[in-house]
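*Asks:* Take the sequences, apply the hints, and build the full model.
6 protein chains.
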Amino acid sequence: MPIPPLPAVMVEPVVRAALLEDLGRAGDLTTDAVVPADARTETFLAARQQGVVAGLDFAATAFRLIDPAIEIQVERPDGTRLQPGDRIATIRGPARGILTAERTALNFLCHLSGVASATRGIADAIAGTRAQVCCTRKTMPGLRAAQKYAVRVGGGANHRFGLDDAVLIKDNHVAIAGGIVRAIEAARAGSPGIPVEVEVDDLAQLDEAIGAGADTILLDNMDPGRLREAVARTAGRARLEASGGITLDTVRAVAETGVDAISIGALTHSVTALDVSLEVHPWQS
Amino acid sequence: MPIPPLPAVMVEPVVRAALLEDLGRAGDLTTDAVVPADARTETFLAARQQGVVAGLDFAATAFRLIDPAIEIQVERPDGTRLQPGDRIATIRGPARGILTAERTALNFLCHLSGVASATRGIADAIAGTRAQVCCTRKTMPGLRAAQKYAVRVGGGANHRFGLDDAVLIKDNHVAIAGGIVRAIEAARAGSPGIPVEVEVDDLAQLDEAIGAGADTILLDNMDPGRLREAVARTAGRARLEASGGITLDTVRAVAETGVDAISIGALTHSVTALDVSLEVHPWQS
Amino acid sequence: MPIPPLPAVMVEPVVRAALLEDLGRAGDLTTDAVVPADARTETFLAARQQGVVAGLDFAATAFRLIDPAIEIQVERPDGTRLQPGDRIATIRGPARGILTAERTALNFLCHLSGVASATRGIADAIAGTRAQVCCTRKTMPGLRAAQKYAVRVGGGANHRFGLDDAVLIKDNHVAIAGGIVRAIEAARAGSPGIPVEVEVDDLAQLDEAIGAGADTILLDNMDPGRLREAVARTAGRARLEASGGITLDTVRAVAETGVDAISIGALTHSVTALDVSLEVHPWQS
Amino acid sequence: MPIPPLPAVMVEPVVRAALLEDLGRAGDLTTDAVVPADARTETFLAARQQGVVAGLDFAATAFRLIDPAIEIQVERPDGTRLQPGDRIATIRGPARGILTAERTALNFLCHLSGVASATRGIADAIAGTRAQVCCTRKTMPGLRAAQKYAVRVGGGANHRFGLDDAVLIKDNHVAIAGGIVRAIEAARAGSPGIPVEVEVDDLAQLDEAIGAGADTILLDNMDPGRLREAVARTAGRARLEASGGITLDTVRAVAETGVDAISIGALTHSVTALDVSLEVHPWQS
Amino acid sequence: MPIPPLPAVMVEPVVRAALLEDLGRAGDLTTDAVVPADARTETFLAARQQGVVAGLDFAATAFRLIDPAIEIQVERPDGTRLQPGDRIATIRGPARGILTAERTALNFLCHLSGVASATRGIADAIAGTRAQVCCTRKTMPGLRAAQKYAVRVGGGANHRFGLDDAVLIKDNHVAIAGGIVRAIEAARAGSPGIPVEVEVDDLAQLDEAIGAGADTILLDNMDPGRLREAVARTAGRARLEASGGITLDTVRAVAETGVDAISIGALTHSVTALDVSLEVHPWQS
Amino acid sequence: MPIPPLPAVMVEPVVRAALLEDLGRAGDLTTDAVVPADARTETFLAARQQGVVAGLDFAATAFRLIDPAIEIQVERPDGTRLQPGDRIATIRGPARGILTAERTALNFLCHLSGVASATRGIADAIAGTRAQVCCTRKTMPGLRAAQKYAVRVGGGANHRFGLDDAVLIKDNHVAIAGGIVRAIEAARAGSPGIPVEVEVDDLAQLDEAIGAGADTILLDNMDPGRLREAVARTAGRARLEASGGITLDTVRAVAETGVDAISIGALTHSVTALDVSLEVHPWQS
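Line order of the protein sequences matches chains U, C, D, W, Z and E. This note's numbering puts the first residue of the first sequence at 1, with every later residue one more than the last. This note's numbering puts the first residue of the second sequence at 1, with every later residue one more than the last. This note's numbering puts the first residue of the third sequence at 1, with every later residue one more than the last. This note's numbering puts the first residue of the fourth sequence at 1, with every later residue one more than the last. This note's numbering puts the first residue of the fifth sequence at 1, with every later residue one more than the last. This note's numbering puts the first residue of the sixth sequence at 1, with every later residue one more than the last.
Among the hints, a few may not be true.
Treat identical chains as interchangeable: a pair holds within one or across any two.
What the hints assert, rightly or not - Calculated pairs, SDA-like style, for lysine to any residue (alpha carbon to alpha carbon, straight line, at most 25 Å):
#1 K138 <-> P68
#2 K138 <-> A212
#3 K138 <-> F44
#4 K138 <-> R16
If you're looking for bench data, these hints aren't it; they were derived computationally from the structure. Owing to the predicted nature of the structure, the values given are computational and were not obtained by experimental measurement.
*Replies:* Spelled out as structure tokens, the structure:
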């Protein structure tokens with residue numbers, strides 16, 4: 001099933017703000033001066049590298065907010081795997097509006113496609129294992145819902161959306177609460193009925209966490225050997241999530257240890273934009 | 001001279017929005033349950049890798065908006081070169097507030113320090129040449145002013161801030177306007193008194209652009225040999241800016257061709273966050 | 001004459017905010033997972049109890065903001081008296097959008113219909129007397145214009161809309177100003193040309209208020225006997241408004257004392273929602 | 001443990017909007033005219049009926065936003081059980097500011113205390129059973145986080161905060177999806193790892209839901225006999241939640257059937273405000 | 001009595017928006033480059049021409065939002081008549097902040113003082129007559145509350161604040177409603193209890209309006225002779241307001257006709273800013 | 001070439017805010033009561049005096065936001081020179097919406113046309129000289145982009161849009177920086193590559209500014225004789241801008257001194273609205 005789109009009421013405000021940030025106090029000096037008011041054009045959003053497209057609704061909203069007369073015809077919807085040269089969408093209409101919205105549309109599309117592409121890469125690398133790749137709260141300020149959507153498009157799962165939808169006891173909580181057991185007990189009492197996840201740094205803490213009945217345990221910065229040991233020791237009594245500096249190169253080895261989830265902050269905090277461009281000239285794919 | 005900070009009225013709204021995005025509809029379930037209301041703590045923002053710090057005002061604003069009783073003492077202000085283990089700032093006060101604001105504060109600090117660090121790397125690499133590194137409009141939606149500030153902190157210059165503060169005629173404008181000369185003439189007529197920059201793909205276009213009196217010429221995707229030829233041909237009649245896929249590895253060679261500026265979109269569109277953490281435990285630097 | 005609707009620019013922002021509050025950071029998990037993207041449905045807004053409908057524009061705006069393809073056909077417009085089973089409107093279109101907007105639409109419709117129904121009940125109870133029912137500033141934060149509209153739909157009048165459109169001297173003002181006469185004189189001097197209303201607790205204060213030339217006198221917490229005495233004593237020299245814990249059971253007796261207005265805070269501060277539901281199944285009325 | 005307060009960044013925007021709604025375009029005509037600029041006063045927030053206080057932060061924010069010189073000293077914090085005459089807080093400072101903010105402060109305090117009081121009433125009534133009272137998404141538009149907080153203060157639990165933090169398959173979803181089993185399967189596939197709740201109307205549907213592995217089953221509009229039968233039949237294979245027109249009078253009987261949770265929309269959609277007043281005169285409790 | 005100030009919650013948002021509009025995406029390039037970060041200065045707001053000061057809260061808010069360390073000491077508060085050279089306030093503190101906020105502070109102060117000064121001029125000119133000067137809804141978009149406040153400061157009264165706080169039947173309403181009498185009757189029915197004002201162009205319409213019981217009659221574009229006739233004819237049966245192109249030169253003659261009010265749109269739609277400057281050098285008054 | 005319009009995303013928010021300011025909490029009492037819901041009308045925006053029209057997009061947006069069914073047909077677009085009686089546009093559709101939006105639409109149109117008309121008057125007066133008229137940052141808070149647009153429509157140029165898009169060293173900067181030369185040097189160092197403008201009061205300062213290499217020099221409050229001397233002395237080494245109390249009467253003499261630009265704050269800070277009205281009656285032009 002394709003990933004359901006975000007509702008327009010969620011997409012529009014962030015695109016509107018991005019457009020205003022780019023238009024400033026005088027609008028598009030270049031386009032207004034150089035492009036005749038009645039010029040029309042047909043352009044293409046085209047991939048210049050391999051990846052997964054995400055964010056077409058954001059891009060389309062940028063064009064439509066600048067000029068409702070611009071038509072967007074999507075050829076490769078969010079989630080499609082792209083090859084260099086693939087045409088993603090056709091954008092037709094008043095040339096001024098298309099050029100004025102171009103950069104904002106691409107800023108969303110290239111960034112969100114970058115998120116989806118990196119996620120897809122990880123998901124492919126661990127295919128066949130029980131592990132699922134997921135993102136974190138290490139997101140770009142103001143873009144959390146958009147980035148989390150792009151992670152889903154790339155085949156990943158969303159960990160917590162915010163501080164309010166799950167309990168995750170991290171090392172600093174443990175330090176202040178005075179130990180893992182006390183922290184878990186306090187969480188159970190304070191947020192009854194909500195699954196409790198706790199971060200552990202070593203196997204002794206793991207034992208404590210299992211003993212205190214944690215639902216999920218975040219194994220922080222452990223190498224595959226240690227992770228394998230943790231999986232064996234846990235023996236299914238808790239869901240295990242590996243975390244900490246895991247990359248495309250190391251993720252397969254991590255996944256093969258038998259953990260349930262692998263969370264990677266870099267999916268959203270260190271994104272390499274996917275190279276997508278708007279081509280005015282006829283395009284040969 | 002240190003880079004002047006952004007005024008608080010520019011910083012606060014974006015931090016406020018980021019906090020609300022994280023707090024959701026119930027606030028910080030974990031901290032509220034696990035940390036006693038009267039617990040106080042002393043924590044440190046500490047670098048885990050080499051780089052340049054940027055965004056401390058954003059981080060401090062996150063802490064202060066959550067609890068005005070939190071004190072922030074900056075030890076290494078924006079622009080400081082960091083070594084792993086360097087203490088950047090001390091954060092003291094109510095433990096709940098510090099932990100609730102932690103992620104939002106770090107999201108700004110790690111991202112903006114990432115921007116500054118990458119810029120600093122480029123600036124160092126081209127030191128001694130006439131070239132200056134600058135960023136583009138390929139920014140994260142909603143974060144343009146913040147990212148451009150971080151580029152300045154890292155020793156870079158800001159190209160246009162938006163569509164409204166300079167003329168930059170790109171390939172798509174040229175295509176629609178019907179040639180470089182016509183585009184430049186239209187820009188001169190439509191935006192008198194504003195310097196005109198134009199993008200060219202080859203030396204023939206360069207000649208056209210010089211002939212039409214462009215103030216700055218963007219040399220897109222040319223290798224060092226071609227750039228050197230362009231510099232010679234221009235002979236000072238226009239400012240030259242190199243652009244297109246330039247990386248830390250290739251930038252020195254580009255700078256040595258004699259161009260005046262090198263613009264790199266990746267400084268803001270493909271940022272690797274700098275690893276900064278909040279340490280509750282006493283920290284030995 | 002039907003009550004004129006509020007302009008869309010007043011309705012849309014409050015509905016948009018309510019939708020975002022419900023959609024959170026990931027949209028409608030259930031509907032997106034369970035309902036096929038191309039499913040269409042025909043649904044009905046139907047009354048489950050007796051009352052007066054109000055707020056259809058708010059409900060329709062919720063549906064349209066989620067998906068402009070949703071069609072709303074109103075069968076019983078705002079102000080209509082409903083019987084259980086009455087069909088209020090037909091909502092047709094993409095099933096996902098209808099289900100996603102359902103709760104927000106109903107939250108407005110049930111609440112505002114609750115306000116209108118309670119008002120209508122009071123208005124009916126005092127029919128034939130000179131008294132008019134009106135609401136107060138005891139409203140739900142953020143919903144004042146909407147609630148006041150619903151009061152009008154239910155046959156009531158709106159007292160002040162805010163602190164800025166009339167003078168109402170309450171007991172605390174009198175206490176600080178040093179007496180009713182001084183308060184009225186100060187009000188006349190400070191807000192010339194604006195009608196002055198003053199709250200009194202007993203007949204001695206009533207005499208003072210009349211003597212000082214109050215335009216309207218709020219008779220606070222008086223029983224019908226005392227109210228009747230007040231009406232007689234005033235002899236038309238001021239408009240009289242009864243207030244304080246008046247309910248559907250007691251309002252007729254109050255109205256028959258001859259007061260001009262009866263203000264009831266509970267119309268907006270203690271609202272019982274009208275039971276309206278969205279029915280997917282064919283509905284027999 | 002007392003319920004942790006909502007962060008100020010969540011409270012302030014809604015209070016600010018409520019104040020602006022009341023101040024309109026000219027501010028407080030009455031107070032400005034009647035109360036001298038230099039008058040100071042000491043006032044008390046006092047309960048006029050029995051209940052539970054909630055929303056003091058909202059009230060205090062209203063006073064402080066109008067005049068930072070106003071001091072608020074809380075005597076009975078959120079969650080305290082009140083008797084008529086109990087003094088909740090003392091508000092001291094510039095008289096104008098106190099009177100201008102009074103209505104907005106009380107609108108929050110009376111409403112949220114009303115929510116907490118009703119919840120407390122239910123929680124007390126079912127004390128000793130395994131059932132927990134919880135609220136729904138039937139909230140006042142714009143006040144969801146505030147109302148849900150008040151439910152917690154009153155001893156209740158929060159069901160979903162929005163469409164995005166849990167799966168709840170309702171009758172309309174079932175109707176469109178083509179049956180309970182298909183709906184649950186689709187939810188599992190579309191939102192892996194998220195607990196699934198489904199609404200059932202009769203015992204046949206209950207069996208289907210259990211068979212399909214629902215985590216929680218919402219038993220809609222069943223009488224205690226039927227509920228008891230459902231509890232027996234389920235035999236712990238799913239969490240059971242009773243719902244539908246349950247009131248203070250009927251809730252004990254429902255709780256004694258053995259269900260795990262009782263959700264009551266009226267806790268937030270049909271709130272009777274708690275009578276709290278601001279007293280300028282010395283107050284004898 | 002001095003005109004009460006607008007509450008800070010009304011002032012701050014409009015000042016914040018104005019600052020952001022001026023700061024753009026990079027802040028104050030000039031001050032940041034030219035003024036040392038630790039420079040402090042003492043400056044004076046000084047009148048350069050005769051007039052009435054208004055808007056000091058807006059100016060002070062601009063300084064404080066840029067830097068809370070800036071101290072503002074008001075020497076001539078809103079409403080004071082100024083002579084050229086009069087010192088209005090002293091502004092002390094960090095030089096950067098003072099210079100960055102200067103233009104925004106002055107834009108409010110010069111404009112609002114311009115409004116107050118013009119109003120004061122009219123009010124002085126008609127002193128001793130029964131007429132009062134008032135403003136209209138012809139205001140600068142976004143500045144209505146501020147401009148209306150400045151009118152009060154200048155000794156004028158505020159006509160309607162908006163479409164929602166009074167009935168004013170204008171020529172276009174009469175044209176569509178089919179005559180003055182029908183329009184007044186409809187207004188009475190639709191907005192019971194609200195005073196009705198109607199615009200008339202000649203004495204025949206005046207008679208109609210009086211006959212239909214208008215509370216206030218707006219005499220549009222009549223010369224003093226005609227106005228005098230209208231006053232005589234009305235004989236106190238309605239409040240009379242003269243309007244239409246009345247200037248400082250003609251207003252005394254209009255006021256002496258005996259009308260109750262004179263409304264002048266130009267007070268807010270065609271404002272000449274009062275010349276106030278910020279002086280860094282010691283200032284001799 | 002006609003001045004390009006501002007994008008709708010820039011126009012809509014300011015119009016929306018203005019409408020809400022006028023509608024308040026109850027909408028248009030008069031129109032709702034007096035005009036039948038189904039009445040339609042044809043109206044005309046008509047000039048009552050000579051000038052230049054500007055702001056039709058703002059006016060049209062006001063009508064469309066109130067009722068999308070209103071049609072606007074522009075007959076004399078922005079920039080057209082108007083004679084009294086000229087029909088500017090035809091507005092057709094539901095009478096209620098047209099009357100409700102009328103004042104907001106006119107407030108924009110009359111103000112912005114006032115700006116354009118005054119600018120046009122200056123531009124005409126200096127036609128044939130080398131001087132260009134330009135505006136300043138002395139704008140109405142919240143309306144900078146709109147006013148600057150109107151200046152362009154009137155044939156003027158826009159000086160800085162804000163503090164962030166150019167360096168302008170004013171007298172207060174010079175005073176704090178310790179002289180013109182030091183200020184210019186600091187600006188060059190702090191904002192490399194950005195043209196530097198500096199304000200001078202006399203010819204000695206002019207020499208200093210030229211010596212320090214200022215790009216543009218603002219000649220403040222000099223009479224034509226002094227300006228002529230400044231032009232001769234500068235001999236093309238810097239761009240010269242005259243400023244300070246220049247009016248339509250004196251501008252030609254200033255322009256003939258040979259300066260390059262003349263900046264006039266009054267174009268935006270002291271605007272006389274152009275008299276444009278909405279006529280319901282058939283109109284003979």
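*Asks:* Each hint: holds or not?
*Replies:* Comparing the hints with the structure gives:
With identical chains, the CA atoms of K138 and P68 are at most 25 Å apart between copies only, with a shortest distance of 24 Å across copies and 35 Å within one. Within a single copy, K138 and A212 get their C-alpha atoms no closer than 28 Å, and across copies no closer than 36 Å, so neither meets the 25 Å cut-off. In this assembly of identical chains, the alpha carbons of K138 and F44 lie at most 25 Å apart only when taken from different copies (19 Å versus 33 Å within one copy). Taking CA atoms no more than 25 Å apart as the test, K138 paired with R16 passes in both settings, with 24 Å inside one copy and 16 Å between copies.
The structure fails hint 2 only (numbered hints given earlier).
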